[in-house]
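With the sequences and hints as input, model every part of the structure.
Protein chains in written order, with my numbering: chain V, 1 to 302; chain A, 1 to 302.
Bear in mind the hints are in silico, worked out from the structure with no lab data behind them.
Hints are all accurate, no fakes.
Between beta-carbon pairs, the in silico distance windows are:
(1) A:27 with V:21: 42 to 50 angstroms
(2) A:122 with V:282: 51 to 59 angstroms
(3) V:6 with A:63: 52 to 60 angstroms
(4) V:116 with A:269: 34 to 42 angstroms
(5) V:6 with A:283: 44 to 52 angstroms
(6) A:88 with V:284: 48 to 56 angstroms
Far from chain A, some chain V residues (derived; all Cβ distances over 12 angstroms):
(7) 35
(8) 38
(9) 54
(10) 61
(11) 158
(12) 159
(13) 196
(14) 228
(15) 271
Keep in mind the model is a prediction, meaning the values are calculated, not measured.
C-beta: ideal position from N, C-alpha, C; glycine also.
2 protein chains.
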Amino acid sequence: MYIPESVEINEVVLRDGIQNDKKIVPTDDKVRLVHDLAACGIRRMEISSFVNKKLVPQMADAEELWERIERKKDVIYSALILSEKGLDRAIRCRVPHVSFFVSASETHSIKNSNKTVEEAMKEALRLIGKARDAGMGVRAGVMNTFGCAYDGKVPVSAVLKHVRAFMEREPDEIGLADTTGMANPRQSAELLKLVKDVTGDTPLSVHFHNTRDLGLANVWAAINEGVTIFDSSLGGLGGCPFIPGAKGNIATEDFLHMMHEMDILTGVDLNRFIDVSLGFEKVMGQTFPAFVTHLQKAACGC
Amino acid sequence: MYIPESVEINEVVLRDGIQNDKKIVPTDDKVRLVHDLAACGIRRMEISSFVNKKLVPQMADAEELWERIERKKDVIYSALILSEKGLDRAIRCRVPHVSFFVSASETHSIKNSNKTVEEAMKEALRLIGKARDAGMGVRAGVMNTFGCAYDGKVPVSAVLKHVRAFMEREPDEIGLADTTGMANPRQSAELLKLVKDVTGDTPLSVHFHNTRDLGLANVWAAINEGVTIFDSSLGGLGGCPFIPGAKGNIATEDFLHMMHEMDILTGVDLNRFIDVSLGFEKVMGQTFPAFVTHLQKAACGC
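Following this line, the structure appears as structure tokens:
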């Protein structure tokens with residue numbers, strides 16, 4: 001059992017969390033949320049992608065958002081990049097850190113990006129070089145690492161092939177995303193052991209979904225394999241728009257609670273974070289799936 | 001990482017799952033559920049307690065239920081015992097297996113049973129002897145093992161003291177219950193190592209709640225410590241009636257899904273179990289908190 005002293009959270013609510021939500025969040029509320037998250041102690045956050053605003057209307061205000069946020073020196077603000085056009089927009093916005101993800105599943109790659117895996121990887125490697133030339137920090141990651149809704153099981157060899165290709169470009173970090181929420185903790189532990197052999201000293205981050213209630217079990221497995229960087233989303237927002245009622249990303253407040261109970265430092269004030277989450281529930285007009293948000297201050301006689 | 005070939009489920013929906021629900025389940029539906037669960041492959045289930053029907057009206061039909069169920073030879077049917085009067089009723093019903101639980105928290109013990117921990121333990125040990133004399137299988141367990149809503153942290157020494165006292169009566173099994181859903185996987189792993197030193201070859205079972213979304217993370221920690229007997233509740237029913245919206249026990253279908261994905265055998269047909277769960281949702285007039293119930297047959301394009 002390996003227990004780190006501290007872990008790092010990459011808060012993704014403003015990108016993965018809300019990207020598919022029908023409620024378009026006013027830019028004012030997004031700016032406020034970015035500032036509130038930093039005030040809670042969040043030191044890294046992905047706040048937009050740069051995509052076609054007709055396809056993802058929630059991200060249409062990316063330029064305005066990047067212009068209006070007050071950038072704190074000790075916070076890493078990041079964006080997800082899906083195309084060269086998106087990268088160019090990010091460069092114009094002086095985005096300091098970007099993520100690139102390539103699917104490990106052929107069917108998903110074609111449906112998601114209209115590129116084969118090989119084409120998508122070639123393009124990603126070229127864009128990673130361009131981003132580095134622009135002075136950006138880079139995370140290179142694998143989508144559908146733990147399974148694909150179309151193809152089912154994803155071969156470990158496909159994941160390792162991606163990681164090896166990325167490593168040649170010397171990214172700041174390798175990311176593994178459980179895009180479909182299909183990971184289980186045995187698989188997470190076994191795969192992470194193999195990936196670590198390839199990544200060596202390059203930091204590894206993981207992005208788990210909680211679609212089948214295995215998000216925090218996978219976190220525990222990853223913690224034990226030495227992973228210390230975790231994507232999570234305020235309220236547990238996000239997830240798959242094609243499954244009614246499906247839960248989304250692991251919830252930042254549940255993750256924080258778990259870490260603090262295990263005496264692992266996060267640098268984040270949980271109670272303050274919960275207040276931010278409750279405030280954002282009002283903006284979104286919904287109750288979020290996170291567990292501890294509504295429990296924390298409740299008295300319980302059980 | 002330790003992975004067992006198989007695990008055993010103790011299905012508790014008919015006791016812990018529904019005991020505090022306002023909807024009183026007709027005995028006909030309870031009988032049908034007992035039979036349906038056995039038909040799915042469930043080989044152990046707790047189907048009632050024997051308590052004051054004014055205090056727990058859901059359990060008022062315990063005698064009729066035990067009379068009406070068809071007992072399969074390869075299924076263990078069990079009841080929770082809270083008093084000598086309850087034990088005498090169980091003996092008259094020819095209940096073959098019983099559980100006794102004593103709280104590790106002084107405040108909870110007094111509020112829950114109107115006895116100090118010492119008084120409750122003395123009584124439990126006497127009743128365990130009586131149950132064994134009546135030829136019953138016995139599980140002796142600790143409540144509030146991982147934390148108390150009143151007293152907060154529960155000392156490990158209090159848990160170990162209970163386990164040692166129980167072991168002198170040679171129960172068939174020792175159980176550890178996370179009554180309040182306060183366990184975390186680090187704590188589960190650390191405590192289980194210590195408890196195993198006391199229990200030796202006597203089987204250990206765990207009963208986790210999912211109040212803070214850590215149920216299956218605790219399961220993964222317990223699996224790795226060699227535990228192979230798990231309480232779970234169809235649909236994730238149960239939990240604390242004093243926290244609005246609090247999730248209950250770990251959901252049997254989510255637990256089954258997790259095990260099967262990790263190639264651990266349960267002997268239970270998950271798809272058939274989900275059909276039973278969906279049928280029981282109609283009886284209860286509610287959607288259960290379990291995650292995979294409504295996902296299993298859904299197509300997902302994420």
